[in-house]
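Student: Each chain, letter by letter, is given below.
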Amino acid sequence: MKKLLYILLVIAASTASAQEFDKNLTTARSSYGSGDLENARFAMEQMLRDLDMAIGKEILKLLPTQIGSLKTDEKKDNLTGGSGYGGGLYVQRHYGVDPKSGQIEIINNSPLINSIQAILTTPILGGMMRDENQKQVKIQGYKSLLTKTVNSETAKTNYELQIPMNNTLVTVRMEDSNEAEIVAAANGIQLAKIVAIAQ
Amino acid sequence: MKAKLILVAAATILLSYTGHAQVGNRLKNKVAGKGEQKAGEAIDNLFSGKKKNQNSGTNGTNGGNANGQSNTGSSSGSNGSNNNPSNNSGGGLISTPPDVKQNLVDAETAYKKSSYGEARYAVQQAMLGVELEIGNNILKSLPESLGGLKKQVDADQVTSTGYGWAGLTIHREYNDTKDKEIRVTIANNSAWMAGVNAYLTNGGYAQQTNGQQNWKQTKVKGNRAIIEYDESSGYKLSVPLGQSSLIVYEGVNIASEGDMIKAAEGLDIDGIKKQLGEQ
Numbered sequence: 092m093k094k095l096l097y098i099l100l101v102i103a104a105s106t107a108s109a110q111e112f113d114k115n116l117t118t119a120r121s122s123y124g125s126g127d128l129e130n131a132r133f134a135m136e137q138m139l140r141d142l143d144m145a146i147g148k149e150i151l152k153l154l155p156t157q158i159g160s161l162k163t164d165e166k167k168d169n170l171t172g173g174s175g176y177g178g179g180l181y182v183q184r185h186y187g188v189d190p191k192s193g194q195i196e197i198i199n200n201s202p203l204i205n206s207i208q209a210i211l212t213t214p215i216l217g218g219m220m221r222d223e224n225q226k227q228v229k230i231q232g233y234k235s236l237l238t239k240t241v242n243s244e245t246a247k248t249n250y251e252l253q254i255p256m257n258n259t260l261v262t263v264r265m266e267d268s269n270e271a272e273i274v275a276a277a278n279g280i281q282l283a284k285i286v287a288i289a290q
Numbered sequence: 129m130k131a132k133l134i135l136v137a138a139a140t141i142l143l144s145y146t147g148h149a150q151v152g153n154r155l156k157n158k159v160a161g162k163g164e165q166k167a168g169e170a171i172d173n174l175f176s177g178k179k180k181n182q183n184s185g186t187n188g189t190n191g192g193n194a195n196g197q198s199n200t201g202s203s204s205g206s207n208g209s210n211n212n213p214s215n216n217s218g219g220g221l222i223s224t225p226p227d228v229k230q231n232l233v234d235a236e237t238a239y240k241k242s243s244y245g246e247a248r249y250a251v252q253q254a255m256l257g258v259e260l261e262i263g264n265n266i267l268k269s270l271p272e273s274l275g276g277l278k279k280q281v282d283a284d285q286v287t288s289t290g291y292g293w294a295g296l297t298i299h300r301e302y303n304d305t306k307d308k309e310i311r312v313t314i315a316n317n318s319a320w321m322a323g324v325n326a327y328l329t330n331g332g333y334a335q336q337t338n339g340q341q342n343w344k345q346t347k348v349k350g351n352r353a354i355i356e357y358d359e360s361s362g363y364k365l366s367v368p369l370g371q372s373s374l375i376v377y378e379g380v381n382i383a384s385e386g387d388m389i390k391a392a393e394g395l396d397i398d399g400i401k402k403q404l405g406e407q
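Protein sequences appear in the order of chains W and X.
Yeah, the first sequence ends on 290 if you go by the working numbering, and it's all consecutive.
Yeah, the second sequence ends on 407 if you go by the working numbering, and it's all consecutive.
It should be emphasised that the hints constitute simulated quantities derived from the structure, not laboratory data.
Please read these numbers as outputs of a predicted model, since none were measured by experiment.
All C-beta atoms in this analysis are idealised placements derived from N, C-alpha and C, irrespective of residue type, glycine included.
Heads up, some of the hints might be wrong.
Claimed, not checked - Partner residues aside, some chain X positions facing chain W, computed with beta carbon under 8 Å:
(1) Tyr239
(2) Tyr244
(3) Ala247
(4) Arg248
(5) Val251
(6) Ile262
(7) Val281
(8) Ala283
Stated by the list, open to error - The list that follows gives simulated cross-link-like pairs (lysine-lysine, PhoX-like), each with its CA atoms no further than 25 Å apart:
(9) Lys114(W) - Lys240(X)
(10) Lys229(X) - Lys114(W)
(11) Lys241(X) - Lys152(W)
(12) Lys268(X) - Lys364(X)
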């Protein structure tokens, strides 16, 4: 029964989203046709947001419902589309509960991605920024940046793994974890499919 | 005694051989150098149809490099280290604004197929086309002269990414072809806005009452603005328009603050606001 309700909600949400897109498309066309360029642009910005949301929903469907022993609570999923003003698409899913928790975060079309790409693709820059708590690893063939931090109060180890792929950045965070666990979690993400959708 | 004689003879032979070898090497290098020079000339003749201008004389290899103009068509050096020809022809890229209507059709088709990435790309292209049109319309509406300075057509520029980070910027320059210049940049949806609005809304940026006054708040045609002065770069006047637009005037060798503001008032600020959809 719950599943059926969830499916109905998803269908209703996507129908509403399609209606918004169509409405904004009609406004963009008519405004452009009448020479109201500013209004046409505004409608297009809304269309970009609608599309970001649609892409974000597709990405959420691809994310695992569990990483390691940590289960997700889909109600906490976070999705923001902000193409018009440079924020890009932001998707976040939480796993587990504190103090043993994790997160997968996806940023798409954001300038944040460039700085990490630079570290990973420029050996001299990577060398200058040598940090004993940071190293490069490969996840499903993608060069990635793994960062370890130790919580000074609890002495527990937290990990962050950043995987930049073209215009998309996937970040996996795990509290009270270890390298093997976070790498395994990252390998469970359908990275190639996410890139294809967000491209 | 015999042994000593043999030793001296052997040393003499060795020295003489070394000497011969050195002379031989020098000769060999000379011949090789001549050969390379000849080969270089032959290549030059082949590419440019005329003999290379060997005006340096001393090394004979980089003579053409001193004269950039004469070297454009025959940049191959005779030492073989600079054999790649420079590009001195070609039409460049044609600036073609995206077709807005076609991109909206593409976006709709892609959306119906659930190819959201493709649909987003098409909308971005359509938006780019619209922004370039807005920018060009604003450029056309700008005056031919500002503060007695004439517009420089070559410097006119409209820049847009179609989606966000840099926003839309429109740039025009006015000068007297000597040392006076006013540069006007109109930015919309730009990250610049945050900085200027911080100036205007944050009490932390208090105005100085003593010492060198480098910036202050002012008004241009009723719009709040900030005017700054820097000895090396001159005046800078920033006028935020509505929620997301900004005009920045940069004046070089403008006599006074009053002249700068008077020149800035030469722009139809209300018209620009209207075209950018600002209230």
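Student: Does each hint hold? Answer for all of them.
Tutor: Hints, verified against the model:
1. Tyr239: Holds - the Cβ of tyrosine 239(X) comes within 8 Å of chain W, reaching about 6 Å at its closest.
2. Tyr244: holds, 5 Å
3. Ala247: holds, 5 Å
4. Arg248: holds, 4 Å
5. Val251: Result: holds, 5 Å to nearest chain W Cβ.
6. Ile262: holds, 5 Å
7. Val281: At about 23 Å, which exceeds the 8 Å cut-off, the nearest Cβ of chain W leaves the hint on valine 281(X) violated.
8. Ala283: violated, 24 Å
9. Lys114(W) - Lys240(X): holds, 14 Å
10. Lys229(X) - Lys114(W): The given pair, whose Cα atoms are some 16 Å apart, holds under the 25 Å limit.
11. Lys241(X) - Lys152(W): holds, 18 Å
12. Lys268(X) - Lys364(X): Holds, at about 23 Å.
Hints 7 and 8 from the list above are not met by this structure, while the remaining hints are.
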